[in-house]
Each structure stands twice: as structure tokens, then as C-alpha cells.
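Spelled out, the chains give:
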Amino acid sequence: MQGSWNYRTLVAGGLANAMLPLLRRIYAGDPVRLEAAVSRHLEPFNAHPYLCAMAVTALARLEATEVSPEKITRFRTALRAPLGAVGDELVWAGWRPFCALLAIVLFALEGSPWVATLFFLLLYNVGHVYLRGWAFWRGWSAGFDVGRALQEAPWNGATRWLTVLNAFLVGAAVVLVAWRTPATALLRWEVVLALVAAAAVGYVRPGLGERVAATLLIAAPVLLLLLGG
Amino acid sequence: MPIVLHRVDERLLHGQVVVGWGRRLGIGFYVVVDDGIAECEWERELYASALPADSDVYFLTVAETIRRLPEFEARRDAGILLTADTVAMRRLAEAGLLAGHAVNLGGLHSAPGRERLLDYVFLSASETEDVRVIGDLAASVSARDLPGSPEVGLERLLRSVERARR
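Listed in order, the protein sequences are those of chains B and A.
Residues in the first sequence are numbered consecutively from 1, following the numbering used here.
Residues in the second sequence are numbered consecutively from 1, following the numbering used here.
Keep in mind that the hints were calculated from the coordinates and are not lab data.
All figures in this text were calculated on a predicted structure; none of them were measured in a lab.
Pair ranges (Cβ atoms, derived):
#	chain 1	residue 1	chain 2	residue 2	range
1	B	28	A	66	48 to 58 Å
2	A	126	B	133	39 to 49 Å
3	B	64	A	153	42 to 52 Å
Even for Gly, the Cβ is constructed at its ideal location relative to N, Cα and C.
Construct all of the structure, not just a fragment, from the sequences and the given hints.
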């Protein structure tokens, strides 16, 4: 989907390419309308890369049911909003940090970087592949009703809980990492320097400080491996 | 509480607005001012599904917005008002709704006839004129895509228009 990402059309190239097999079937024997449909879907488009699958099938459904091109274009424009916002909220702000934090906690308790890494990759991708699959099938069955399908999605109750759980896991991870860290490892000049730098950035640019602190927290287990052994 | 952000963004309710601005400002409701969307049910439903379940959204025409504004001003939570283009925001400004408010320009992307002013602001000649009028009627106009990004004031935007047109 993001293979031809660019500032002008964003993911439109990926979207049109993914729709191509469906469009070829819908407009079999009608090269003029096929070309018009492909150029329609090459117009700028953006959404969350996983939920793009929903755009592929929902738009193909409209093409297959002979909806007017103007209406398809309006639908396509409106589609960017929920597919982007729901995906960002669910995956980037919810599921990914949840899996990463759980892996950090697991590492702090259990101690093997391989187990924690494997755990993260497996857990994250189960959710990831499920979401792509759900989006692909649900998009086709929903057509115009993508909005309702998203509001009735099976994970809807969970998004709020993910935020709460993530806040809890950040706390747990900080405590566990600090507890696992030998005092000698913390007193090394690299660590002190990193903390001073993070504090300075946080003071000068508060927004950026949060990101630096989060990065440091995620980097802490790696630092531990390199410094503490 | 009044509306705390007046924004022109052709994507209306999307990740940058809902997660980027909405979370930062603690937003409870959104007012989407767009004559076309206000009259189309599936479009309203589609845009509304971009929002967290605990926030309210109103899809209104320009005329309805002018009438219902006092109701929003009386709310206890903070809101964001969005238009997809400079024309709708200009009509709100000309109705006197933006006096004393700051207007924010966000995602107005590349299109035929538009000049690039910033990575996320492209304006045509008529849109530039709209922005000028809004600037005269509102407290201020500036561009900023996300709360953490630097703000670019109207003066600088208009200077880059002149540079782009030369």
C-alpha cells in the first residue's frame, strides 16, 4: 500500500494497484471505463495503511454497483477521515505501544531479550493481520456503510481500555526496569548524560520531551543489555 | 466553554485533528461546517465514525452554524470548528462569527491552480483573497499543522504567495 508513497498522491498508487484485479473484473471488456476508474483512484488518497484494505473493497463494491463517479469520489474523500483517525488511534496510539510495553515488562520479569522480542512480533502481528483481514472483508460487505461498520467494529470497547492499560504498563515498565538495573549500570556516564540531555530537551521543548522520554524508556532494556550485560 | 480552535482543513475530521489537536486541547465536541455534508446522511455517518465515542459532533450548514452558535458557546466543554475550504470560513467571518477569534490553516493540499506556501498549505488566488478577508475580520490567521509545530503568521504566508507568483 505504501510502496509508491509520495507527497502529492500519498498512498493512491498503492490503493489503485490493490484495486486493479477487482476493477479488471468489474470492467471486463470495457477498457474506457476501466481507465477512467483507475485514474479516479490514482487521485490523492491517505488513510492508515492497515485500514486501507477497507477502502480497496468498499470502493470496488461501489464501482461494481454502478454508483455515479461523482458519488464515488465524494465517498472516497470522506473515507480518508475515519480510516485515518480510527487506524491512528487504534494501532499507533493503542495496539503498538501496548504490545511493546507488554514485551518490556516481560523482559524485565523474565530476562531473555529473544523471548521478549519474539513475543512482541507475534502478538503485534496477530492483531495487525487480523485487522487487515477484517478490513478487507468488512469493506466489501459494507460498501457505503463503512461508517457504521467501523462504529460496530469488534474492538470498539477495547480502544478505551488500551489507553488505560498502556498508562498502567508504562508505570509497571519504569518500576521493573529500575528494579532490574544494577546501581553500577545507572551510574555510568553515558546514562547520566542521556538523562541530562532528556531533561534539557524537555525543558526547552516540552512537546519533544515526551517523545524523548518515551524513546529512552523503550531504549532502556537495550541499554541494559549493552551496559549491564 | 467556547470553540477553542477554528480550522480550515480539507480532510475535516481525521487523525491530525482528532488525535493531534483534540487530545491536546481536551476537546468534547466538533462543529463541521459544510453545506454538502450537512445534507448527506452516509457522509455524516462516515465522518462521525472518525471520532472517539465520547465526543459530540454537529454537521451544519453555514446558515445553521450562525443560528446555533450561542448554544455551543454555552457548553461546558471545549470544541473545534472545522471547514473544508476557505470559502465557508470566509462566510462565517463575514457573518461576524470570527471576531476576536484566531483562525488556523491546516491541511490544504496540492491541487491544480494552487501555489505551495508550506508543505501543508497550498492556496489558489481566490483562496488567498479569502484568507486576506478572514484576516481582516478575525483576530488573526496563521498556519500550523499540529499543536507542537511552529506557527506561521498571515504576513509570512502572504509574502510567500507573492514570491510563488513572481
